[in-house]
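Since chain A is already given, all that's left is putting chain B on it; use the hints.
What follows is each chain in one-letter form.
Protein chains: 2
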Amino acid sequence: MKITIIGNGSALPAYGRFPTAQVIEINQQLFLIDCGEGTQMRMKQFDIKSMRINHLFISHAHGDHYFGLVGLISSMALLGREKKLYIYCNAFIKKVIDLQIPWNLSFEIEYRFIAEGEHALLVQHEKYEVSCFPVNHSVPTHGFLFVEKKRKRILLPDKVKQYEIPTYFYSKLTEGEDYIDKYQQVIQNEWVTSEGNPYKKYAFCADTIFNPEICKYIHGVDLLYHETTYLQDNLLKAKERYHSTAIEAATIAKMADCKHLIIGHFSSKYKDILPFQEEARSIFEHTDLALEGEVFEL
Amino acid sequence: MKITIIGNGSALPAYGRFPTAQVIEINQQLFLIDCGEGTQMRMKQFDIKSMRINHLFISHAHGDHYFGLVGLISSMALLGREKKLYIYCNAFIKKVIDLQIPWNLSFEIEYRFIAEGEHALLVQHEKYEVSCFPVNHSVPTHGFLFVEKKRKRILLPDKVKQYEIPTYFYSKLTEGEDYIDKYQQVIQNEWVTSEGNPYKKYAFCADTIFNPEICKYIHGVDLLYHETTYLQDNLLKAKERYHSTAIEAATIAKMADCKHLIIGHFSSKYKDILPFQEEARSIFEHTDLALEGEVFEL
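Quick mapping for you: the protein sequence lines, in order, are chains A and B.
Here this note's numbering is used: the first residue of the first sequence is -6, the next is one more, and so on.
Here this note's numbering is used: the first residue of the second sequence is -6, the next is one more, and so on.
Isolated chain A, as found in the complex:
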């Protein structure tokens, strides 16, 4: 799984920072989370082919998270896209698209509306799944959990030799099959393989006030993105506007036992964003800034 940061700014573009957007790659599929103004230009700069995106998630209907959507969809049509596009969003987003693109596109858009407070599986695939969970913002808002499903089982070299399993059967072993030898003995899979790597998990927490309730959705993830619109000097403003500080984001990462935290959605108040990292690291050491163009691999 690979996460590319497209934009890390908040409502007001400032200091070259673009509004929220991230591209997740799993199993050669691209997923786009949020689509602020300029997302399509920014993706081009980072050499990401927007035509490879089949699933698009909008966390909430604030402009800095969706104003780039109509432009992206128009461009997909101009490029002659034929593949269906799935959009997971609030029903309002469809109205915005329908008003500005009332004609038939060269491809179908299938909307899956997310209801306020909904916690549900949105995408289910043999190799990955994506679910949404509610966070607490000034409008209905959802985070998304991406799971790359368990990899193939790992062969135990000594054991496969000991049971004389022919090499042509190795790939079946990694898929969990038992082997039946020439004496019709069943060599059980777990005798000759170990568990594959555990599921890789990435949680995107969208815009939210500090809320430990979300820990249940994101517990133990390998990578957590949590917004940090403000530093601790603006704690009250953060609360008023249903946003979080760096300290609060780090506290969530710690409480939810996450392995790694990335932070973004920096307010236009701040030119220098390094203090976000410093404040967060004082609580949760393994924190990085979600810098635009940066790629995080799991």
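Accuracy of the hints is not assured; some may be wrong.
Any copy, or any two copies together, can satisfy a pair, since identical chains are not distinguished.
Claimed, not checked - Calculated lysine to aspartate or glutamate pairs in the DMTMM-like style (CA-CA distance at most 20 Å, straight line):
hint, residue 1, residue 2
1, Lys37, Glu285
2, Lys193, Glu122
3, Lys143, Glu18
4, Lys262, Asp40
5, Lys175, Glu287
6, Lys193, Asp250
7, Lys247, Glu122
Rather than coming from a laboratory, the hints here were simulated on the basis of the structure.
Same frame as chain A, now just chain B:
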């Protein structure tokens, strides 16, 4: 008058080119023509304060000319704008804004809808005026003519001395007043001053098929912007899509006796845009590419 090119691309962003937008400065007032996606970010890069824009013109309701408008208006509100904003556009544009910004803003927007085929004065001021004129595109589209009005009359040094006009009266002379001397003789203004510089004129021709009919609106302008979506190798495509080639733009500049031509709205087909300049110059020598960030002064 100062024209800054914000975006020179066409429908599909490509090679770092942004969609159409230009900022015109006259008498310390900023006017924005068109507002494709990313215009507000691009203006920031070019150090143009969007809060100084009071008049905003949308040539037509194609996305690459207005998708950045809702983001720009949101940002103005976030920055606490109080001054009225005038938007000159097709009535559809208001629907797009009203859907996405249904709440009361901190400032008033006054719309002046432009009807199909309309040729009218939109802004009238002592020092400048802006009018619209119809061009021919696949949807109702308008160009805009910016006129910086005649400067003050110019004093004739020998004459003002000869008639013994006191220096305190010089500024009134430049405004065209006659002087009455101590013998109650009228010293007529034209005896002691010459005509000021002629009006400066800039015409923005929006998206249009080649159409000599527009020459009557833009005759003799100091600077003409004409779209050149395609090179001559795509003349048929240009016609089909109601766009122009570089040769056609240059032909219009020549026919309309313009002094200087700038060209833009380059199709994403072309990585290298220098051939646009070469083709145009073969017809009209004083042609320049409307490069993003470039400033043209009149």
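Tested hints:
In this assembly of identical chains, the alpha carbons of Lys37 and Glu285 lie at most 20 Å apart whether taken from the same copy (13 Å) or from different copies (17 Å). Taking the shortest alpha-carbon separations for Lys193 and Glu122, only the intra-copy value of 11 Å comes in at or below 20 Å, while the best inter-copy value is 62 Å. Taking the shortest alpha-carbon separations for Lys143 and Glu18, only the intra-copy value of 16 Å comes in at or below 20 Å, while the best inter-copy value is 60 Å. Proximity of Lys262 to Asp40 under the C-alpha cut-off of 20 Å is restricted to the inter-copy arrangement: shortest distance 17 Å between copies versus 29 Å within a copy.
Taking CA atoms no more than 20 Å apart as the test, Lys175 paired with Glu287 passes in neither setting, with 53 Å inside one copy and 79 Å between copies. For the homomeric pair Lys193 and Asp250, the shortest alpha-carbon distance inside one copy (14 Å) is at most 20 Å, but the shortest distance between copies (67 Å) is not. Neither within a single protomer nor between protomers do Lys247 and Glu122 lie at most 20 Å apart by alpha-carbon distance, with minima of 24 Å and 61 Å respectively.
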